[in-house]
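Engineer: Okay, here's what each chain looks like letter by letter:
Number of protein chains: 2
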Amino acid sequence: MVVAGRGIIEAMDPEELRREGVRFIEWLADFHERVESLPVRSQNRPGDVRAQLPQSAPQDPESYAEILSDVERIIEPGLTHWQSPNFFAYFPANISAASVFGELMSAGFGVQGMLWTTSPSCTELETHMLDWMQDALGLPVHFNSKGEGGGVIQDSASSATLCAMLAARERATEGESNIRGLFGGAPLVAYGTEHAHSSLEKAARICGVGSSQLHLIEVDDQLAMRPEELDRRIREDIEAGLRPFFVNAVVGTTSTNAIDPLPGVAQVCRAHGVWLHVDAAMSGIAALCPEFRKIHDGVEGADSYTVNAHKWMLTNFDCNLFWVRSRAALTGALGLLPEYLNNRASASGEVIDYRDWQIPLGRRFRALKLWFVLRRFGLQGLQALVRGHVALAMEFAGWVTAHPDFELSFAVPLNLVCFRHLDSDDFNQRLLERVNDSGKLYLTHTKIDGVMLLRMSIGGANTNRAHVERAWSVLVATASELRAADEGA
Amino acid sequence: MVVAGRGIIEAMDPEELRREGVRFIEWLADFHERVESLPVRSQNRPGDVRAQLPQSAPQDPESYAEILSDVERIIEPGLTHWQSPNFFAYFPANISAASVFGELMSAGFGVQGMLWTTSPSCTELETHMLDWMQDALGLPVHFNSKGEGGGVIQDSASSATLCAMLAARERATEGESNIRGLFGGAPLVAYGTEHAHSSLEKAARICGVGSSQLHLIEVDDQLAMRPEELDRRIREDIEAGLRPFFVNAVVGTTSTNAIDPLPGVAQVCRAHGVWLHVDAAMSGIAALCPEFRKIHDGVEGADSYTVNAHKWMLTNFDCNLFWVRSRAALTGALGLLPEYLNNRASASGEVIDYRDWQIPLGRRFRALKLWFVLRRFGLQGLQALVRGHVALAMEFAGWVTAHPDFELSFAVPLNLVCFRHLDSDDFNQRLLERVNDSGKLYLTHTKIDGVMLLRMSIGGANTNRAHVERAWSVLVATASELRAADEGA
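As given, the protein sequences belong to chains B and D, one line each in that order. Heads up: the first sequence begins at 1 in the working numbering, then just goes up one per residue. Heads up: the second sequence begins at 1 in the working numbering, then just goes up one per residue.
Excised from the complex, chain B in its bound form (with noise of 0.2 Å):
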């Protein structure tokens, strides 16, 4: 297979992208044909795709029958189906093919968009998604690039979360920090509750700020942020000769899909002079409609903000978006400029550099996938999926609330539903471990005051009123059998 041709070896050949991704384009569609009928969490043991691969890697080329035939037997088994209707775990990460294609386009096309000038497009396009989203999402105009802000792609939440509180970091130790590092200074400290995702411990301990520097604020019995308690901790802190530097506020929790009280804590932020950081990982998507964009309420003081096109919003992982008030505090912390990367367009000023907007230097085209879903869909297909699945968790919610067994934990605002079986903790883990292990349908847990709770996020590309129904159907038939066998015991 290996001749020789165009380059040193036939290394890519317009032919066989052509004649060969057909292949692949079909046996694509067919499994999104059946995979609705596929086990929804792999049924694999540890070790069983290893096994079936050979020890090195081969020395002559294989053809593609082969590897398809592969991807089917090894690796298809292997997976956990996120894009089965039947998926209702951790968080929706629902594609469509439009984004399909426009990681396709990427891909084929092959560029690196670490500088404007390595592929300007890949830049403009980028910067303009995120004026579109701005104001599509209904975020303050303070993060749109015609002034001081912008937005950027990033990988995940987490990364952004990570590259907020850096900027936070150099803004509150004037530009000290990366040049002299943190050792000698007085403590800087993070705030947030014990509900926000654990990005924001991760980020505080790879910036050296350290986990007993994130000081955790009470909650209200919604699980959202206490904005006066916020304010009595930062003036102890302060009081303590500790340096308060970065607030994290969470529209939307992990667990339970909380909104901190962001007018609350914006405020208080103002008066300390304290970063505010805004993550809406999934939940922020909701206020592409009118209705729902509640949840922005007081983001207009927020330093930087950020929300996930890749789980709620028909867009490929990873696209994840992340704005900023002041592109000058974030370039400020990331940017360095070695001199093999210099060019008469980054030296002019005219241009945006996205390598110091973010951790890793090189970058994929990754705004294609998001102009081809938007343009695709249209904003009104994108609020129509939205909706409706907010609608199916509030009818979901409804069902809970009606049996005798189940109890709703708490409030729906949007797609989640925390609830749980009356029996004990025990009697849910093995009502999840038993649902999951059927294959029917897949949801996760989490643990709230140390009270286990199931947890059904309702989010698919095609999951619609029947699979939702289904999914209770068999939750109530299986607390069923598990209690018929607990009594029969």
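Take these hints with a grain of salt, some might be off.
One-sided and incomplete, this derived list gives chain D residues near chain B with beta-carbon spacing under 8 Å [to be verified]:
#	residue
1	E26
2	N44
3	E62
4	T80
5	G108
6	G110
7	N144
8	K146
9	G181
10	F183
11	V209
12	G378
13	A384
Stretches of chain D that chain B covers, calculated by requiring three or more beta carbons in the stretch to come under 8 Å of a beta carbon on chain B [to be verified]:
#	stretch
14	28 to 38
15	125 to 136
16	346 to 360
Chain D is nowhere near these chain B residues, computed Cβ spacing over 10 Å in every case [to be verified]:
#	residue
17	P39
18	C289
19	D423
20	L482
21	G488
No wet-lab data here; the hints were simulated from the structure. Don't be surprised by glycine CBs; every beta carbon is placed ideally from N, CA and C.
We have chain B already, so just place chain D on it with the hints.
Structural biologist: Frame of chain B; chain D shown alone:
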């Protein structure tokens, strides 16, 4: 176009994937037929792309015909063609049809690889591919997952270096820095040379160590680190009460492909108990060929090592390969387990959860493309490609040496040729700009001791002798024109 269908809207329609997918595949194949004829560096001016885009996202769906027509009309002219056989700038980022298919399948599956249980194939294929590559590159067996080490795919060598530094920081502070932060302790010190990649300094800043605690070690006349100077500086720093914790050695610097002497550097690191990280971002791939494997002499002393499959191995960005001698050191630095991610498989200890090996939480299925490339070409195909590029670089270096107006600046160990016209820096700058403005080829520069050098990086998937010969002809002819114009002026 948005109709009621399987889901709430027709969000992921297999028929659409099948029908429209062929359209994109055909377009990409045509693009690769003609990419050689396009200007290599985009001729766009800042703002050209954005000026052609609507001010806000569409409310209604648009057709794929419209989208693809805009890709051709707006996006393509704004691309710098990294896949052109006339691209000799920065570093290679060569791709192949096999890799594009791997990306396509990864996008089509749309799974999350953050935990083993969220898709066992994603984790196990990755571990297996890293074991294959450890063997294929002749790397020490302590990096193989069978022992206490193992490998992982990161987005970039920048992130790999940051992760290595974080693991080293935790080891040096005995787990204190993640919890207590860096405040109050004696300064930690990292080491490298001024020719190390800028990501080394960026990592030192991010993790709170600071640029001024990155001590640059003197180099020899080939710009390689002097181990005796490293030893001297570490002793001096210990004497001064500082804590040396991390040494970054480079196999193939970005500017000139200099190679730090690993045996001597490793000996110093071992003597002082300092973490040794080896950054072989581009050049490490040469070790696929036994005759170039000497670049890895001494790598047995490394605690971590990184190389990019996405530079010189026909694999799409992002596909950085990163190995550590001790998995526990890495996961000790980056691991965190919130309840909502807890699951049976993780609790069993039998599986790898790659979220604990990286900065972000989420991760794509990137091992697929690497598997496809290794199987489609076999190691022999990849070796032939590397050998061919190195031979072309040697030949180009010969032409430079033989020409009375040009000089070779450094020995050429692999596929990068650093050279200059004997005229002034200003002349070389104008030569570079005129050549790049012509669109016929694209190359970049660096400065060493203030002197401007041109960099000819040979590694395109479809680059053959004719392209390299033409590049040289254009350089020589353009230099003559400039000289004639200067003399006429």
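Engineer: Which earlier hints turn out false for this structure, listed by number in ascending order?
Structural biologist: 7 and 8
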